[in-house]
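Protein chains in written order, with numbering that gives the first Met the number 0: chain A, 0 to 439; chain B, 0 to 439.
Treat the hints as calculated values from the structure; they're not laboratory data. Be aware that a few hints might be false.
When chains are identical, the list treats them as one kind, so a pair holds in a single copy or across two.
Cut-off 25 angstroms, straight-line C-alpha distance, at most; resulting in silico cross-link-like pairs (DMTMM-like, lysine to aspartate or glutamate) [what the hints assert, rightly or not]:
#, residue 1, residue 2
1, Lys139, Asp196
2, Lys139, Glu224
3, Lys386, Asp359
4, Lys139, Glu109
5, Lys386, Glu318
6, Lys193, Glu384
2 protein chains.
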Amino acid sequence: MAPTSQNARVSDGASSVRAGILVTGTEVLSGFITDRNGPWISARLAELGVEVIQIAIVADRPSDLLSALEAMRDQDADLIFTTGGLGPTADDLTAEMVGRFAGREMVLDEGMEETIHTILEGFARRMKFDADALREANRKQAMVPEGATPIVPSGTAPGLVVPAGDQLVIVLPGPPRELHDMWPRALATDPARKVLDRAQPYEAFSIRMFGLPESELAKALREIEREDGARLDRLEITTCLRGGELITDVRHRAGDEAAAEGLRAGLERRLGRWTYSESGESIGEVVAKALDGRTVAVAESCTGGLLAGRLTERAGASEYFRGGVVAYSNEAKAQLLGVDPALIESHGAVSPEVAEQMADGALERFGADVACSVTGIAGPGGGTEEKPVGYVCFCVKSRSGELLPRDIVLPGDRADIRDRSVVVAMHLLRYLLEGREPPR
Amino acid sequence: MAPTSQNARVSDGASSVRAGILVTGTEVLSGFITDRNGPWISARLAELGVEVIQIAIVADRPSDLLSALEAMRDQDADLIFTTGGLGPTADDLTAEMVGRFAGREMVLDEGMEETIHTILEGFARRMKFDADALREANRKQAMVPEGATPIVPSGTAPGLVVPAGDQLVIVLPGPPRELHDMWPRALATDPARKVLDRAQPYEAFSIRMFGLPESELAKALREIEREDGARLDRLEITTCLRGGELITDVRHRAGDEAAAEGLRAGLERRLGRWTYSESGESIGEVVAKALDGRTVAVAESCTGGLLAGRLTERAGASEYFRGGVVAYSNEAKAQLLGVDPALIESHGAVSPEVAEQMADGALERFGADVACSVTGIAGPGGGTEEKPVGYVCFCVKSRSGELLPRDIVLPGDRADIRDRSVVVAMHLLRYLLEGREPPR
């Protein structure tokens, strides 16, 4: 799971809109929960052509909030997005601190008070809130910096668009669903639109490969620059290695299409056999398409259900996923998948032979067109010299007899080995469905 | 998945050591991958009694790195931790920028050059690296700010401890495994020890509850303060609602034991029936213990293997987990679990009746002591007025005939419903294993 990045080139710094993202919340800063809002907003802004200069995570403390806002002003942010700290309790300080940062008095927005009142009334009936606390919360949440544009809430917390000198602060709630829901409304406000109109959107594409080392990609990029003469300095290229999948994100501005096409074609020519998606599709989406009406079943041991979990992630999975057996014990392998106990005895539960019988069992028991099996040693115990922790056997087999077996040693701890096994299984499934051998 | 927090009180601001965390990497800032290092370091620092003032995520750009370092100095950080940007490529700038921030020349550390050389030689043999690129990388990574203390690398990137005026900058690599491995070595350096000796560690505990609304916890906290007279203002309390689990983290300094005990006892008295852990144990750990030698099997539909995945997450799961069936299709429910097709026809695949037969099937087929089944409508399609998206039926049953059925409507999108179903199933399993009814 160790992501690495290289060759991140920023084309020209010509973006005319810069943004900072301020995530507030003691529970986020303390590492208690992982922030998803910062990355989400960052990705949305990138699509709009806005350059993100920083994501800052701070606690709900007045001085820390103010310092962070000031630091973003010092870095010439045009837009500052905040998430969190909009609730009714005393430690929800964001609106007030943004008001202070903007040098604006807090005033009661009567329209907002009415809106919140209506929302909270419904809540109160359902949740049996205390009536006094309710009125107080209502009042607090309707206090906004003078001159701010309110954003109609999706939960109970309204958002705000607050002009602050050369900056525009867009104040959004912390719960991701509310944030996502209110995002288009925030961008549609007049002050936000005026700033965003200056941004020059990027064109972006993503090339996803599996099974090659990152050094090969680095070498190809050098060659594409030197031999093909592609102007990679005009592109913003981010590469990331994640559980064996190597993802190259490319962004460029209007006018740099030739450089982008040079990169795409150069990678296709050199490494195309490793590529599984040029459209940003995940391996789950690619496999779902490659199934093309065929059905699939799985038989898992060390992945303990995670492969089935991946195959059922997408809406509509019931159209192609028939089912799976998590055969953790030898008895279950024999009983539910028909694996020959003598084979387990002679070759071991983690062996190519048992993997193939597991795939056979899944094909037959579920009446599927294709089956994939995984049996391995996820550790930390159970390894031997011959079959160390990380040794995993896979078998993909179709009803018509196509067969794709693999046994490999995967790196990492128990969680890594389980996750990587799922990725390998998904790609082996893809190769068989596409009717080709994995490249070497 | 919308986490909320409240009642985060900072006891007294008496912490004498403040830290900032600087996460670098275009791929992290862009939202392309989710940073795990910031929260990890933050949690470690909290254990040491260090107050974290900010986590900042910036791109690998010289000006952004410098601005972020300066902002942390302006906020009086004693320690600044950086992660990422230590690789051999041109966009890995962290060491150089920290040197500039500290006003220190970059000099060649010959001992470090030797160490890296030895490590890279091994790499080069295995990975067929280019020899020239290797020498260059070696040189670049051995250039350190004058007066810096190097930290022996776990991968190829050495860490650094760099004095910078009133600040001490601790430079660590981005790959999480290297970071975690090098962490104790970084803290053990003389300059780091000198600063950390001033920190006053917290005592901490965590109370985990399931099944009650957050407003009940808020009410209990108010009562504990007003009626019991507990000095909650002496404690740092963070509450977080995550997929139906309500987690209360409490930290306090030496001398505030009475307040901490007052809170613990007050919550126990008022809400103890909802508590499943007072030791920070996850529900997976609690269930593993509650099994106490008994074995478990599962039968899943809408969770698609994720419940089995959760039960096999821990090392040693094979001691209690027998296996599972992911019966996505009606045929699979009948074929692999022995569910009566007529029952599916009359009550529907998502019904308490089918859930119980699925549990029966899992008990019998896997020869387990306890079984848990889940069948529901994860959506987005498939809902009806009577059984909307989010309607999920559970059944926990033991071989000796104990029975705990539930059917509920869960909120959220497909991923939320699947995740929450796993959490509900784990808790129902716990209640049956503990021999008690869930509280109402």
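Structure-based check of each hint:
1. With identical chains, the CA atoms of lysine 139 and aspartate 196 are never at most 25 angstroms apart, being 33 angstroms at best within one copy and 42 angstroms at best between copies.
2. When the C-alpha separation of lysine 139 and glutamate 224 is checked against a cutoff of 25 angstroms, the pair qualifies only between copies, where the shortest distance is 23 angstroms, while the shortest distance within a copy is 58 angstroms.
3. Taking the shortest Cα distances, lysine 386 and aspartate 359 sit within 25 angstroms of each other inside one copy (23 angstroms), while across copies they are farther apart (36 angstroms).
4. Taking identical chains as interchangeable, the C-alpha atoms of lysine 139 and glutamate 109 lie at most 25 angstroms apart only when both belong to the same chain, with a minimum of 12 angstroms there against 61 angstroms between chains.
5. Taking identical chains as interchangeable, the C-alpha atoms of lysine 386 and glutamate 318 lie at most 25 angstroms apart only when they sit on different chains, with a minimum of 20 angstroms there against 37 angstroms within one chain.
6. In this assembly of identical chains, lysine 193 and glutamate 384 lie within 25 angstroms of each other by CA distance neither inside one copy nor across copies; the values are 65 angstroms within and 44 angstroms between.
When each numbered hint is compared with the structure, violations occur for hints 1, 6.
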